[in-house]
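Student: Spelled out, the chains give:
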Amino acid sequence: MRAKDLITFFILGIFFGFILMKAEVISWFRIQEMFFFDSFHMYGVIGSAIAVGALGIIWIKKSNVKDSDGNPITIPPKDPSQVTRYIVGGSIFGLGWSLIGACPAPMFTLVGAGATVFVVPILTAILGTYVYGMVRHQIPH
Amino acid sequence: MEFLTQPWPWYIAGPIIGLMVPIMLLISGRQFGFSENLRHICASCNVANVDFFNYDWKAKGAWNLMFSIGVILGGFIGGVLFANPNAVELSAGAIDKLQGFGLTNFDGFVPVELFTWGALQSNPGLWAVLGVGGFLVGFGTRYAGGCTSGHAISGLSNLQLASLIAVIGFFIGGLLMTYLILPNII
Chain A
23 MRAKDLITFF
33 ILGIFFGFIL
43 MKAEVISWFR
53 IQEMFFFDSF
63 HMYGVIGSAI
73 AVGALGIIWI
83 KKSNVKDSDG
93 NPITIPPKDP
103 SQVTRYIVGG
113 SIFGLGWSLI
123 GACPAPMFTL
133 VGAGATVFVV
143 PILTAILGTY
153 VYGMVRHQIP
163 H
Chain B
255 MEFLTQPWPW
265 YIAGPIIGLM
275 VPIMLLISGR
285 QFGFSENLRH
295 ICASCNVANV
305 DFFNYDWKAK
315 GAWNLMFSIG
325 VILGGFIGGV
335 LFANPNAVEL
345 SAGAIDKLQG
355 FGLTNFDGFV
365 PVELFTWGAL
375 QSNPGLWAVL
385 GVGGFLVGFG
395 TRYAGGCTSG
405 HAISGLSNLQ
415 LASLIAVIGF
425 FIGGLLMTYL
435 ILPNII
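Taken in order, these protein sequences are the chains called A and B. Numbering (this note's numbering) for the first sequence: 23 to 163. Numbering (this note's numbering) for the second sequence: 255 to 440.
Just chain A, with the same shape it has in the complex (with noise of 0.2 Å):
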C-alpha cells in the first residue's frame, strides 16, 4: 500500500474518532440508555449511518465506479449459513459491549480521550481474539 493511502486513512480516522466523541457513542452511559430503550439517539446514529452506507454502496455498484487505483470495487458476502458463529459470537460481544460500554473503536476512541484504564479492556480483547484463533477448531460454526 501507498504511503499516501496509508495517510489518507490516518487522517479518515482522526475525523472518525472525532465523530465517535460527537456523536456520544462511546459514552457508556449512552450504551446503557440504548439497552434500556430509553432514547433514539444510538438508534439514529445507527440507522442513520446504514442508511448512508446503503445509499452509498448501491451508488459504487451502479456506477461501476473504480478505486483510486483504478481496480474494480467488489464487496465479499458474508456466508449467512453460519447461524451459530453469529448468534454466541454475537452474543458474547454483546454481554462485553455492554458491560464495559465499548466496541472496539470507541475504546481506542476513549484512551485518547483520557479515559486511558480503556487500554485494560484493549489488551484483553486482544488476547480475546487470540484465544478465539486457537480455539475456533474446537467450537461449532
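Errors might be hidden in some of the hints.
What the hints assert, rightly or not - Below, computed lysine-lysine pairings styled on PhoX-like, alpha-carbon distance capped at 25 Å:
| hint | chain 1 | residue 1 | chain 2 | residue 2 |
| --- | --- | --- | --- | --- |
| 1 | A | Lys100 | A | Lys84 |
| 2 | A | Lys83 | B | Lys314 |
| 3 | B | Lys351 | A | Lys88 |
| 4 | B | Lys314 | A | Lys26 |
| 5 | A | Lys100 | B | Lys351 |
| 6 | B | Lys314 | A | Lys100 |
| 7 | A | Lys100 | A | Lys26 |
| 8 | B | Lys312 | A | Lys88 |
| 9 | B | Lys312 | A | Lys26 |
| 10 | A | Lys88 | A | Lys100 |
| 11 | A | Lys100 | A | Lys83 |
It is worth saying that the hints were derived from the structure and are not from the lab.
Based on the hints, put chain B in the right spot on chain A.
Tutor: Only chain B this time, still in chain A's reference frame:
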C-alpha cells in the same frame, strides 16, 4: 467553536459515520471494519504460531492500523481539545435506572465511579469488569466475524443477512448484561 465542543445530533453524526463505508471502498476497495485490527495486532506477535494469525499483517492490515492510530488522536481532539464541558444529556428514564444501579455521578462520558484509575484502586473488582469486558468483546467479535462497524454498519449497509443475525446476537448479549447481570455487579 461551539459546533466543535457541542455534541452532534444523531442526524448529523450518523450520516457522516455512514459515509465512511463508500469512502473506504472508493479509496482502495477496503471494507470498513475496526475489529480486524485486533487480529492484525495478534498476527504481529503470533508467539504460539496459531494458524489463524499466520498471514502478512502488514500487507493486509497496515491501512487499518493507521486508521486505528488516527482514531486515538481523533478521540484526543474530540474529547480533550474540543471537550464538551457539559454532561451527556441522558434521558430521565436512563438516569433513573442507572441511579438504581447505585451510580450518582453522571459527569463525563464514562462513569467516574467505575472507569477511572482511582475507582480501580478503591474497588479492585473493577479490574475484572474491564478485563472480562474487553476479553468478551475481543473473543466475540472475531467469533462473530465483525463488530459494530463491520457488521452493524458495513454489513447491514450491504444488506447482509449474516450481519443482521450478528446484530441480533449483539442485542441478546447486551440486553442480558444490562438487565440481568450489571444490576447485580455494580
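Student: Please go over all the hints and tell whether each is borne out by the structure.
Tutor: Hints and how they fare:
no.	hint	result
1	A:Lys100 - A:Lys84	20 Å, holds
2	A:Lys83 - B:Lys314	24 Å, holds
3	B:Lys351 - A:Lys88	50 Å, violated
4	B:Lys314 - A:Lys26	16 Å, holds
5	A:Lys100 - B:Lys351	37 Å, violated
6	B:Lys314 - A:Lys100	18 Å, holds
7	A:Lys100 - A:Lys26	30 Å, violated
8	B:Lys312 - A:Lys88	24 Å, holds
9	B:Lys312 - A:Lys26	16 Å, holds
10	A:Lys88 - A:Lys100	22 Å, holds
11	A:Lys100 - A:Lys83	17 Å, holds
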